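A.B. asks: Chains as they are written, first to last, in the numbering used here: chain U, 1 to 179; chain E, 1 to 105.
Just so you know, the hints here were simulated from the structure itself, not pulled from any lab data. Keep in mind it's a predicted model, so treat the numbers as computed, not measured. Treat the hints loosely; a few may be bogus.
Cut-off 20 Å, straight-line C-alpha distance, at most; resulting in silico cross-link-like pairs (SDA-like, lysine to any residue) [claimed, not checked]:
| id | chain 1 | residue 1 | chain 2 | residue 2 |
| --- | --- | --- | --- | --- |
| 1 | E | 69 | E | 50 |
| 2 | E | 69 | U | 46 |
| 3 | E | 69 | U | 24 |
Here are a few chain U residues that sit away from chain E, every Cβ distance over 12 Å (derived from the structure) [claimed, not checked]:
| id | residue |
| --- | --- |
| 4 | 11 |
| 5 | 13 |
| 6 | 17 |
| 7 | 19 |
| 8 | 21 |
| 9 | 31 |
| 10 | 38 |
| 11 | 48 |
| 12 | 65 |
| 13 | 71 |
| 14 | 89 |
| 15 | 115 |
| 16 | 153 |
| 17 | 164 |
Derived contacts from chain U toward chain E, CB cut-off under 10 Å, selection only [claimed, not checked]:
| id | residue |
| --- | --- |
| 18 | 87 |
| 19 | 99 |
| 20 | 120 |
In this text, a Cβ means the ideal position worked out from N, Cα and C, and glycines have one as well.
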Amino acid sequence: MSQQTATTISRRERIRLFVLRTLALGAIWVLITEADPGSLAVGVPLAMIGAALSVALQPRSLSAVHLPGAVRFAGFFLVQSFLGGLDVARRALSPAMPLDPACVRYPLRLAGDGPRVVLANTISLLPGTLSARFLGGDTLEVHVLDNHESVLADLAQVEERVAGLFGANLPPLQMGGDS
Amino acid sequence: MTWETIAGWGSTALFAVGAFFFFAGSVGLVRFPDVYTRLHALTKADNLGLGFVVTGLALRAESWIVVLKLYLIWLIVIVTGATACYLVANAARGSGLEPWTRERR
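Modelling step: build the complete structure from the supplied sequences, incorporating the hints.
C.D. replies: Spelled out as structure tokens, the structure:
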């Protein structure tokens with residue numbers, strides 16, 4: 001489970017993905033243009049190009065979203081991204097400008113390219129954390145605005161929420177030892 | 001009080017809150033010491049500010065399809081904003097730019 005398999009997606013699966021994504025992008029187009037029939041001449045080719053690109057750039061593995069996990073994730077994300085904006089606004093406007101930044105290395109438990117992309121993007125919108133880069137050896141480098149002691153534990157909690165979004169289970173956390 | 005009056009005042013209040021977060025994000029962009037801290041300010045504050053503006057606009061929307069459209073735009077901005085933020089931070093780290101730190105005591 002934790003090992004990333006490098007199997008490629010079959011041709012049949014690619015065609016299925018292309019059709020589904022064309023339909024999904026087409027639906028977004030219809031929504032954005034408020035179902036203007038004249039715009040379909042542009043929208044249909046664009047949806048097909050977008051779907052073809054996304055299939056071509058698809059990482060090796062596919063990860064399905066788990067619906068109850070997605071609902072819990074949405075609630076968590078809304079609250080935490082609100083706190084994230086509030087926290088950074090407070091630091092920016094405070095005359096003392098309280099900052100104690102650092103880069104920390106977070107050992108990833110979450111496997112799969114798709115879930116890791118979601119994790120990296122989520123981290124960047126939560127209070128005081130920002131994904132800086134993926135290092136080799138399953139490590140994510142995170143820039144933090146305030147290098148307090150519970151940073152790694154906070155990141156572990158975010159990782160668990162993202163794992164829940166994909167219906168995955170994470171191995172137990174190994175805390176302590178370093179730093 | 002009619003729904004139009006409540007929605008009108010509510011949306012005006014939401015615009016003001018949204019504008020406050022855009023302002024705070026811009027102050028962070030100017031005041032913060034390096035590229036990484038500035039990315040924090042822009043990404044998080046602007047995302048939140050847009051959420052308030054979009055909600056304010058949704059209160060004034062004439063149909064549910066416009067409401068869906070507004071929240072879809074917010075979702076797309078969140079995803080592209082976080083992705084762009086990662087790309088900038090990644091490029092800065094890759095070019096060896098060290099993060100600003102407070103002097104260790």
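A.B. asks: Next, verify each hint and record whether it holds.
C.D. replies: Hints, one by one, checked against the model:
Of the pairs offered as hints, the one joining residue 69/E and residue 50/E holds, with about 14 Å between alpha carbons and a cut-off of 20 Å not exceeded. A hinted pair counts as satisfied when its Cα atoms are at most 20 Å apart, and residue 69/E with residue 46/U qualifies at roughly 18 Å. Taking the CA atoms of residue 69/E and residue 24/U, the gap is about 14 Å. The hint holds against a cut of 20 Å. For residue 11/U, the condition that its CB be more than 12 Å from all CB atoms of chain E holds, with the nearest at approximately 28 Å.
Against the 12 Å criterion, residue 13/U stays outside the reach of chain E, whose nearest CB is about 24 Å from its own CB. For residue 17/U, the non-interface assignment is confirmed: its Cβ lies about 19 Å from the closest Cβ of chain E, beyond the 12 Å cut-off. Listed as a non-interface residue, residue 19/U keeps its Cβ farther than 12 Å from every Cβ of chain E; the least gap is roughly 21 Å. Residue-level check passed: residue 21/U sits 15 Å from the nearest beta carbon of chain E, beyond 12 Å.
A Cβ of chain E approaches the Cβ of residue 31/U within 12 Å, the least distance being about 6 Å, so the stated non-interface status is violated. The beta carbon of residue 38/U is kept farther than 12 Å from every beta carbon of chain E, the shortest such distance being approximately 17 Å. Taking the minimum C-beta to C-beta distance to chain E, about 19 Å, the non-interface status of residue 48/U holds against the 12 Å cut. Here residue 65/U stays apart from chain E, with its beta-carbon at least about 14 Å from theirs, past the 12 Å limit.
Non-interface status of residue 71/U relative to chain E is upheld: no Cβ of that chain comes within 12 Å, the nearest being about 15 Å off. With a least CB separation of 3 Å from chain E, residue 89/U falls inside the 12 Å interface cut-off, contrary to its annotation. Listed as a non-interface residue, residue 115/U keeps its Cβ farther than 12 Å from every Cβ of chain E; the least gap is roughly 15 Å. For residue 153/U, the non-interface assignment is confirmed: its Cβ lies about 20 Å from the closest Cβ of chain E, beyond the 12 Å cut-off.
Against chain E, the non-interface label of residue 164/U holds: every CB pair exceeds 12 Å, the least being about 19 Å. For residue 87/U, the shortest C-beta to C-beta distance to chain E is roughly 8 Å, which falls under 10 Å, so the interface hint holds. Interface hint at residue 99/U: satisfied, since its Cβ lies 6 Å from the closest Cβ of chain E, which is below the 10 Å cut-off. With a cut of 10 Å, the hint placing residue 120/U at the interface with chain E holds, because the nearest CB-to-CB distance is about 6 Å.
Comparing the model with each earlier hint shows violations of hints 9 and 14; every other hint is respected.
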